[in-house]
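Enquirer: Spelled out, the chains give:
Number of protein chains: 2
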Amino acid sequence: MTSSIFQVIAFDADDTLWHNERLYVHAQNKFVELLTQYHDPKWIRERLDETEGRNLQHFGYGIKSFALSMIETAVELTEGRITGQDIQQLLQLTKELLRAEVELLDHVAETVSELAASYPLMIITKGDLLDQETKLERSGLAQYFQKVEVVSSKTRASYERVLRRHNITPEKFLMIGNSIKSDILPILELGGYAIYVPYYTTWIHEAADPPPSEQPRYYALEHLGLVPELLAQIEDGV
Amino acid sequence: MTSSIFQVIAFDADDTLWHNERLYVHAQNKFVELLTQYHDPKWIRERLDETEGRNLQHFGYGIKSFALSMIETAVELTEGRITGQDIQQLLQLTKELLRAEVELLDHVAETVSELAASYPLMIITKGDLLDQETKLERSGLAQYFQKVEVVSSKTRASYERVLRRHNITPEKFLMIGNSIKSDILPILELGGYAIYVPYYTTWIHEAADPPPSEQPRYYALEHLGLVPELLAQIEDGV
Numbered sequence: 011m012t013s014s015i016f017q018v019i020a021f022d023a024d025d026t027l028w029h030n031e032r033l034y035v036h037a038q039n040k041f042v043e044l045l046t047q048y049h050d051p052k053w054i055r056e057r058l059d060e061t062e063g064r065n066l067q068h069f070g071y072g073i074k075s076f077a078l079s080m081i082e083t084a085v086e087l088t089e090g091r092i093t094g095q096d097i098q099q100l101l102q103l104t105k106e107l108l109r110a111e112v113e114l115l116d117h118v119a120e121t122v123s124e125l126a127a128s129y130p131l132m133i134i135t136k137g138d139l140l141d142q143e144t145k146l147e148r149s150g151l152a153q154y155f156q157k158v159e160v161v162s163s164k165t166r167a168s169y170e171r172v173l174r175r176h177n178i179t180p181e182k183f184l185m186i187g188n189s190i191k192s193d194i195l196p197i198l199e200l201g202g203y204a205i206y207v208p209y210y211t212t213w214i215h216e217a218a219d220p221p222p223s224e225q226p227r228y229y230a231l232e233h234l235g236l237v238p239e240l241l242a243q244i245e246d247g248v
Numbered sequence: 011m012t013s014s015i016f017q018v019i020a021f022d023a024d025d026t027l028w029h030n031e032r033l034y035v036h037a038q039n040k041f042v043e044l045l046t047q048y049h050d051p052k053w054i055r056e057r058l059d060e061t062e063g064r065n066l067q068h069f070g071y072g073i074k075s076f077a078l079s080m081i082e083t084a085v086e087l088t089e090g091r092i093t094g095q096d097i098q099q100l101l102q103l104t105k106e107l108l109r110a111e112v113e114l115l116d117h118v119a120e121t122v123s124e125l126a127a128s129y130p131l132m133i134i135t136k137g138d139l140l141d142q143e144t145k146l147e148r149s150g151l152a153q154y155f156q157k158v159e160v161v162s163s164k165t166r167a168s169y170e171r172v173l174r175r176h177n178i179t180p181e182k183f184l185m186i187g188n189s190i191k192s193d194i195l196p197i198l199e200l201g202g203y204a205i206y207v208p209y210y211t212t213w214i215h216e217a218a219d220p221p222p223s224e225q226p227r228y229y230a231l232e233h234l235g236l237v238p239e240l241l242a243q244i245e246d247g248v
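Protein sequences, first through last, are from chains B and P.
All you need for this note's numbering is the position in the first sequence, starting with 1, plus 10.
All you need for this note's numbering is the position in the second sequence, starting with 1, plus 10.
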């Protein structure tokens with residue numbers, strides 16, 4: 011497809027290609043269960059969110075950061091009364107998260123394989139480097155992606171660096187993801203195309219308002235299976 | 011220098027450009043101090059090393075992994091009797107490591123600046139993505155490096171991927187670093203040049219025997235300040 015509008019199509023990974031946030035939700039529930047003798051569930055959740063938000067600048071994204079924030083919150087909430095056994099359970103939970111099966115979202119396998127036949131595909135994701143790499147391996151999708159970038163944050167500046175590094179023209183770049191804040195807004199700012207495919211739940215630190223639906227080069231779809239048809243329409247200038 | 015033997019010169023970062031291992035040694039000493047009421051120092055150190063080694067496959071490299079391994083070891087060694095206050099101290103220590111001043115090794119500032127005038131320079135490092143990026147920023151050296159790669163491991167395969175990605179010919183590639191295992195041996199296997207600049211202490215999981223001194227394309231130097239002279243000799247075919 012030499013005359014395509016798109017030079018490269020990039021995907022977010024967590025909750026765009028495979029389930030992720032629900033693993034964290036499961037872990038948070040376990041965390042609340044563990045501390046429920048000390049505080050009420052709502053307060054425990056709020057404090058964990060707060061610790062995570064505060065630690066993002068130090069720890070960055072990913073499971074190891076989440077684990078350290080869980081442990082910190084547990085110590086603080088119990089005023090140091092948390093037991094070693096409970097800490098051990100949190101470490102155990104962390105390792106379960108790192109080993110969890112990679113479950114693709116509906117429509118992902120066939121859509122990615124179909125798109126790879128027509129476009130160079132790329133992954134741009136944040137999180138723990140090793141964890142993201144092994145998840146891609148375990149997903150069975152690695153063969154379809156020519157480029158993989160694990161970045162420490164998804165800002166306009168970090169996307170600019172990635173595009174420059176791969177000689178990609180922003181106006182010919184399409185990003186597909188489930189986070190308005192991380193996958194959509196920075197790309198639209200750069201003059202690229204963005205498709206928002208919402209996941210059923212969003213981490214509080216990723217929440218943001220979607221752009222207005224009449225924003226040029228911005229699209230929202232119910233699931234990834236609808237992407238090829240949309241791309242055909244865009245390519246045809248419909 | 012269009013006729014140079016070297017297309018790119020790459021540096022390891024931790025303990026090659028700036029001090030790193032001594033921060034961990036300091037943290038390990040603090041860790042031993044904290045647990046000294048439970049066990050003898052030698053045994054505490056051995057168990058921490060063992061936990062780190064076992065967790066590398068799950069957690070990868072870097073400070074957050076080290077922190078989780080410290081906490082795990084503390085819980086195990088005390089059979090769960092570790093207090094929340096002590097865990098909090100380990101978290102505090104972790105944040106201190108992440109914020110620690112980046113101190114360049116001797117000769118680094120002037121050598122890097124000198125080499126950058128003649129060669130495209132690159133960093134290839136492993137560890138936490140965010141931590142390595144911010145250390146490079148804080149080091150004041152970022153301007154001299156055209157490319158930065160944070161990788162999850164430094165094996166022959168991971169170097170091959172990096173070189174392919176940047177269209178670098180292995181035979182025209184030079185890597186400089188303080189780890190025989192991670193910076194030297196994989197590069198020599200690929201047919202590249204490698205300069206070993208030992209740091210005064212080596213992490214147990216990086217220990218390996220150096221190649222014989224007559225190995226082609228392998229050099230060992232006492233400090234980074236000796237690199238420009240060696241390169242001049244190599245370029246002159248001396």
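Honestly, the hints are just simulated from the structure, not real lab data.
Among the hints, erroneous ones may be present.
Copies of one chain are not kept apart here, so a pair can be met inside one copy or by any two copies together.
As a list, the in silico SDA-like pairs of lysine to any residue whose alpha-carbon atoms are at most 25 angstroms apart [claimed, not checked]:
| # | residue 1 | residue 2 |
| --- | --- | --- |
| 1 | Lys105 | Glu232 |
| 2 | Lys105 | Thr165 |
| 3 | Lys40 | Ser223 |
| 4 | Lys157 | Leu236 |
| 5 | Lys105 | Ala126 |
| 6 | Lys40 | Ser75 |
| 7 | Lys157 | His68 |
| 8 | Lys157 | Pro196 |
| 9 | Lys191 | Val172 |
| 10 | Lys191 | His29 |
| 11 | Lys40 | Leu101 |
| 12 | Lys157 | Gly247 |
| 13 | Lys182 | Leu103 |
| 14 | Lys105 | Arg174 |
| 15 | Lys105 | Trp213 |
| 16 | Lys52 | Val42 |
| 17 | Lys191 | Leu101 |
Since the model is a prediction, treat every value here as computed from it, not as a measurement.
Enquirer: Compare the structure with each hint and give your call.
Expert: Each hint tested on the structure:
For the homomeric pair Lys105 and Glu232, neither the shortest alpha-carbon distance inside one copy (32 angstroms) nor that between copies (41 angstroms) is at most 25 angstroms. For a Cα distance limit of 25 angstroms, the shortest separation of Lys105 from Thr165 across copies, 24 angstroms, qualifies, whereas the shortest one inside one copy, 29 angstroms, does not. In this assembly of identical chains, Lys40 and Ser223 lie within 25 angstroms of each other by CA distance neither inside one copy nor across copies; the values are 38 angstroms within and 55 angstroms between. For the homomeric pair Lys157 and Leu236, the shortest alpha-carbon distance inside one copy (23 angstroms) is at most 25 angstroms, but the shortest distance between copies (37 angstroms) is not.
For the homomeric pair Lys105 and Ala126, neither the shortest alpha-carbon distance inside one copy (33 angstroms) nor that between copies (42 angstroms) is at most 25 angstroms. In the homo-oligomer, the alpha carbons of Lys40 and Ser75 lie at most 25 angstroms apart both inside one protomer (17 angstroms) and across protomers (22 angstroms), since each shortest distance falls under that limit. Within a single copy, Lys157 and His68 get their C-alpha atoms only as close as 27 angstroms, which misses the 25 angstroms cut-off; across copies the closest is 24 angstroms, which meets it. Taking the closest pair of Cα atoms, Lys157 and Pro196 come within 25 angstroms of each other both inside a single copy (20 angstroms) and across two copies (23 angstroms).
For the identical chains of this complex, Lys191 and Val172 are intra-copy neighbours only, at 17 angstroms inside a copy versus 30 angstroms across copies, given an alpha-carbon limit of 25 angstroms. For a Cα distance limit of 25 angstroms, the shortest separation of Lys191 from His29 inside one copy, 19 angstroms, qualifies, whereas the shortest one across copies, 36 angstroms, does not. Both within a single protomer and between protomers do Lys40 and Leu101 lie at most 25 angstroms apart by alpha-carbon distance, with minima of 12 angstroms and 21 angstroms respectively. Proximity of Lys157 to Gly247 under the C-alpha cut-off of 25 angstroms is found in neither arrangement, the shortest distances being 28 angstroms within a copy and 38 angstroms between copies.
Proximity of Lys182 to Leu103 under the C-alpha cut-off of 25 angstroms is found in neither arrangement, the shortest distances being 42 angstroms within a copy and 46 angstroms between copies. Proximity of Lys105 and Arg174 under a CA criterion of 25 angstroms is satisfied in neither setting, with 36 angstroms inside one chain copy and 33 angstroms between copies. For a Cα distance limit of 25 angstroms, the shortest separation of Lys105 from Trp213 qualifies both inside one copy, at 20 angstroms, and across copies, at 24 angstroms. Taking identical chains as interchangeable, the C-alpha atoms of Lys52 and Val42 lie at most 25 angstroms apart only when both belong to the same chain, with a minimum of 9 angstroms there against 37 angstroms between chains.
Proximity of Lys191 and Leu101 under a CA criterion of 25 angstroms is satisfied in neither setting, with 30 angstroms inside one chain copy and 29 angstroms between copies.
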